[in-house]
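Protein sequence lines correspond, in order, to chains A and B.
With UniProt numbering as the guide, the letters of the first sequence map in order to residues 1 to 488.
With UniProt numbering as the guide, the letters of the second sequence map in order to residues 1 to 488.
Just so you know, these hints were derived from the structure itself, not from any lab.
Hints are all accurate, no fakes.
Below, simulated DSBU-like cross-link-like pairs (lysine-lysine); rule was C-alpha separation at most 35 angstroms, straight line:
#1 B/Lys234 - B/Lys438
#2 B/Lys134 - A/Lys56
#3 A/Lys56 - B/Lys234
#4 B/Lys257 - A/Lys56
#5 A/Lys56 - B/Lys231
Protein chains: 2
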Amino acid sequence: MDSNQGFSKPSEAQAGTGTGDTSQAPLVMQRDQPGAQQSDSEATFLSQTLSNRGVKISTFYYSNFQDYEAYQGDRYHTVLNSLGFLNLGISENRLCVDLMTERLCQNDMNYIEEPLLQYPDWRGHPFLRAEVAKFLSYYCGSPIRLNLRNVVLLNSCCAVFSALAMVLCDPEDAVLVPTPFHSGFLFSAQMYTQVELIPVHVGSEITNTNTQPFELMIGKLEQALLEAKTKNKKVKGLLLANPQNPLGEVNMKESLKEYLKFAKRNELHVIIDETYMLSVFDETIIFHSVLSLESLPDPNRTHVIWGSKDFGITGFRFGILYTHNDDVVSAMTPFGYLHSVSGITQYKLRRLLGDRDWINRVYLPINHSRLQEAYGYVIKRLHELEEQFGFKITFRSIGCGLYIWINLKRLLEPCTFEEELVLHRRFLDHKLILSRGKSYMFKEPGWFRLMFAEHSQRLREAMDRFGQAIEEQKQYWIQKMLEDEVTS
Amino acid sequence: MDSNQGFSKPSEAQAGTGTGDTSQAPLVMQRDQPGAQQSDSEATFLSQTLSNRGVKISTFYYSNFQDYEAYQGDRYHTVLNSLGFLNLGISENRLCVDLMTERLCQNDMNYIEEPLLQYPDWRGHPFLRAEVAKFLSYYCGSPIRLNLRNVVLLNSCCAVFSALAMVLCDPEDAVLVPTPFHSGFLFSAQMYTQVELIPVHVGSEITNTNTQPFELMIGKLEQALLEAKTKNKKVKGLLLANPQNPLGEVNMKESLKEYLKFAKRNELHVIIDETYMLSVFDETIIFHSVLSLESLPDPNRTHVIWGSKDFGITGFRFGILYTHNDDVVSAMTPFGYLHSVSGITQYKLRRLLGDRDWINRVYLPINHSRLQEAYGYVIKRLHELEEQFGFKITFRSIGCGLYIWINLKRLLEPCTFEEELVLHRRFLDHKLILSRGKSYMFKEPGWFRLMFAEHSQRLREAMDRFGQAIEEQKQYWIQKMLEDEVTS
Numbered sequence: 001m002d003s004n005q006g007f008s009k010p011s012e013a014q015a016g017t018g019t020g021d022t023s024q025a026p027l028v029m030q031r032d033q034p035g036a037q038q039s040d041s042e043a044t045f046l047s048q049t050l051s052n053r054g055v056k057i058s059t060f061y062y063s064n065f066q067d068y069e070a071y072q073g074d075r076y077h078t079v080l081n082s083l084g085f086l087n088l089g090i091s092e093n094r095l096c097v098d099l100m101t102e103r104l105c106q107n108d109m110n111y112i113e114e115p116l117l118q119y120p121d122w123r124g125h126p127f128l129r130a131e132v133a134k135f136l137s138y139y140c141g142s143p144i145r146l147n148l149r150n151v152v153l154l155n156s157c158c159a160v161f162s163a164l165a166m167v168l169c170d171p172e173d174a175v176l177v178p179t180p181f182h183s184g185f186l187f188s189a190q191m192y193t194q195v196e197l198i199p200v201h202v203g204s205e206i207t208n209t210n211t212q213p214f215e216l217m218i219g220k221l222e223q224a225l226l227e228a229k230t231k232n233k234k235v236k237g238l239l240l241a242n243p244q245n246p247l248g249e250v251n252m253k254e255s256l257k258e259y260l261k262f263a264k265r266n267e268l269h270v271i272i273d274e275t276y277m278l279s280v281f282d283e284t285i286i287f288h289s290v291l292s293l294e295s296l297p298d299p300n301r302t303h304v305i306w307g308s309k310d311f312g313i314t315g316f317r318f319g320i321l322y323t324h325n326d327d328v329v330s331a332m333t334p335f336g337y338l339h340s341v342s343g344i345t346q347y348k349l350r351r352l353l354g355d356r357d358w359i360n361r362v363y364l365p366i367n368h369s370r371l372q373e374a375y376g377y378v379i380k381r382l383h384e385l386e387e388q389f390g391f392k393i394t395f396r397s398i399g400c401g402l403y404i405w406i407n408l409k410r411l412l413e414p415c416t417f418e419e420e421l422v423l424h425r426r427f428l429d430h431k432l433i434l435s436r437g438k439s440y441m442f443k444e445p446g447w448f449r450l451m452f453a454e455h456s457q458r459l460r461e462a463m464d465r466f467g468q469a470i471e472e473q474k475q476y477w478i479q480k481m482l483e484d485e486v487t488s
Numbered sequence: 001m002d003s004n005q006g007f008s009k010p011s012e013a014q015a016g017t018g019t020g021d022t023s024q025a026p027l028v029m030q031r032d033q034p035g036a037q038q039s040d041s042e043a044t045f046l047s048q049t050l051s052n053r054g055v056k057i058s059t060f061y062y063s064n065f066q067d068y069e070a071y072q073g074d075r076y077h078t079v080l081n082s083l084g085f086l087n088l089g090i091s092e093n094r095l096c097v098d099l100m101t102e103r104l105c106q107n108d109m110n111y112i113e114e115p116l117l118q119y120p121d122w123r124g125h126p127f128l129r130a131e132v133a134k135f136l137s138y139y140c141g142s143p144i145r146l147n148l149r150n151v152v153l154l155n156s157c158c159a160v161f162s163a164l165a166m167v168l169c170d171p172e173d174a175v176l177v178p179t180p181f182h183s184g185f186l187f188s189a190q191m192y193t194q195v196e197l198i199p200v201h202v203g204s205e206i207t208n209t210n211t212q213p214f215e216l217m218i219g220k221l222e223q224a225l226l227e228a229k230t231k232n233k234k235v236k237g238l239l240l241a242n243p244q245n246p247l248g249e250v251n252m253k254e255s256l257k258e259y260l261k262f263a264k265r266n267e268l269h270v271i272i273d274e275t276y277m278l279s280v281f282d283e284t285i286i287f288h289s290v291l292s293l294e295s296l297p298d299p300n301r302t303h304v305i306w307g308s309k310d311f312g313i314t315g316f317r318f319g320i321l322y323t324h325n326d327d328v329v330s331a332m333t334p335f336g337y338l339h340s341v342s343g344i345t346q347y348k349l350r351r352l353l354g355d356r357d358w359i360n361r362v363y364l365p366i367n368h369s370r371l372q373e374a375y376g377y378v379i380k381r382l383h384e385l386e387e388q389f390g391f392k393i394t395f396r397s398i399g400c401g402l403y404i405w406i407n408l409k410r411l412l413e414p415c416t417f418e419e420e421l422v423l424h425r426r427f428l429d430h431k432l433i434l435s436r437g438k439s440y441m442f443k444e445p446g447w448f449r450l451m452f453a454e455h456s457q458r459l460r461e462a463m464d465r466f467g468q469a470i471e472e473q474k475q476y477w478i479q480k481m482l483e484d485e486v487t488s
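The following block holds chain A by itself, in its conformation from the complex (with noise of 0.2 angstroms):
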């Protein structure tokens, strides 16, 4: 199969010829494909249609969402649509559908009063931002009992990023953020803040520079800092992820207090993304939160994110800031007006978090055992792939996260951005979605981030098309060395 004309099935759907529903005409979408031609009359239709900016988030957008728009299209069912879109890109765990179906249908959940179905106050309803608080305070470990004043809920992570920044930095400031960084904060940054994301490159490979594979340096800060001044930049802030996304891994207690020192000396914020938090499913793992810490280095300038993820519940599309800094939730507020929850959520949202005793004795065990399990499965698939090709698949993750960050540079004839493009559409030709290095900011081509967090059925079928991928690039991959020597 041709990986080319492999992924034209989605393309057509969407550009109209398709009966489905995503059956959008996107001109925009078009133009950023790559071979397709914009025509004079269609620039000029769309030029004074939508506005430049219109077409620079429209571009932006669909040149790095085209899998999760053809994913919704053509979803995998195992009755209704066994030839969809398998998709391990997006990071969403759907291994605990069956116990927050269960918990969600429970009587206290459908309740509605009066507030719920008006205007909220747009910081998020005082009672879920109280819960909230509760929540923080117990499985962050925090050592004061946090206060619902200091937290903020928006409807996604993502937004409240873009609102955080927006309110820290103004256009052409710039944040350092140690890549690879999850793609999902890269677009917000997009869309309205203006901010330059300046990548402080963590390699896989020991060197003078990296003494570990994968290990965020201060060395590294303070260099990329003095670079973006030498620039004349204004960095602002230093972005985290922690427990980091893609690399599954959790930030040692030491290092965590590094980076804020690093933050406190050069006057940057912290924006610290805790999303998986609690799905850190091996038990011998301790992760850090920095509400944890005794006392923070900076506090008016560390700004915690957590949200959905930990729950699999995305789809209640909700966000939550916890920031000691008084100004920060002051200015943050008017964004609720554009990026609020619904009232009949946040009260769901409430009473799930409150349920203190499902959460530890029911949902947790359960879903850690899962993700275990759906970890162990994939590392066994990608061991027996490796004996099948002969060929050594390296990854990332230590148990935690629902992703494994996978170098399948090997692959890779030449090692260049445009064969990891290569290989990543062999696996949509297998209607397989993985999520590419570059997305990340990664600098190494050849990496993919695999998300495991799957139920059984889907990931055995999921890894039983990667294993086909693998096979095609195999072939492919010999076929270039063999012209290679030919030709040299």
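Dock chain B against chain A, hints included.
This is chain B only, laid out in the frame that chain A set:
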């Protein structure tokens, strides 16, 4: 009661001395309050913490939403807080909470399935967009069957307007807006879009250019467009509301067509807000949706917004765009990433909008009858006040929407926006929130929008407070007149 003292209470609570939850410490807000001084150290800290745009958005918000913030922290309750704020300033229908609660608690509403818990289609779940298309086809009286492909769902009408302005306009582009116009969109335009809203003043009095009070004549639009062009402004669109807000009137079909033709002649987009289309409670009034027209002059540049107001569920946080323009749908899609609605809310909304039997036989007749009654009650109270105080109170509203646009300029001496603010604060002293003309970009001081869709007991209490404030204002007015006589 002194008007400045009167408003100091909520401000104090907001500044952090209160015990309530609204006690954020908004230095930003203090800056904006009349008479508040900002110390150098405060200013330095703020400028170090927040971005310039963060300060700007906050300042705009807290100067326009002071009343709302006060209300959220000190809401009236018959038993628990009978001295709390009554809010006839924001527009939300509180008359049918009983009906809505009953409907939302029925069994068909509390349903969970996997896709509702997961990442959605950013345009809105297809099942809901299909229902919206059917709903609009029927209630807008569309001659063709509307298509789900032309529907975009975001998390409020304001978010829809904001995204639309992003997609159709570049920064500094302009949109014509007949004023008075409701403040929601005006605030939305401030947050992200940087689009200039050019007011086209529609006056209350008959003049050479105003042959009818509050009538938007094409000549005015032509003149405003010409003036804007003379100033080298790029005018991209025309923003309309039908039914009008705050005027409480509907557009005649012929006028509507004229506006659309004017827009087509000048290659302007028309964004038309039909939010109150089902809140026309006087049966003799006929509402014409643009979607009911046999043919639109420029379908690719005509975009309709509808939302939660007709059902009194502003807390659902949803807004809908219907546009025939596929490119606009396509370009709006990425905005769902930061403005989407939770799956469970989308499901309930689908059940609600699809229950035509309940809407037609139960909800609309009862809602319209209650609106009519509340409207009639307020009119009666206004007439009683006229008799009591011996001055004429004129107002607009012919039987649609949730509000009356009231002329109180007879009580201002002199008739300025400063004196309008004095009267506004006098209402606040009496713990009554109305919204004043200036926030609708209206050029004549002395007009207020009074929202009457409130429970009878609260409406009675609110009108008592209104009367007390008017009485006090009358005394103040007499005093000022006497002083004027002495000094002249």
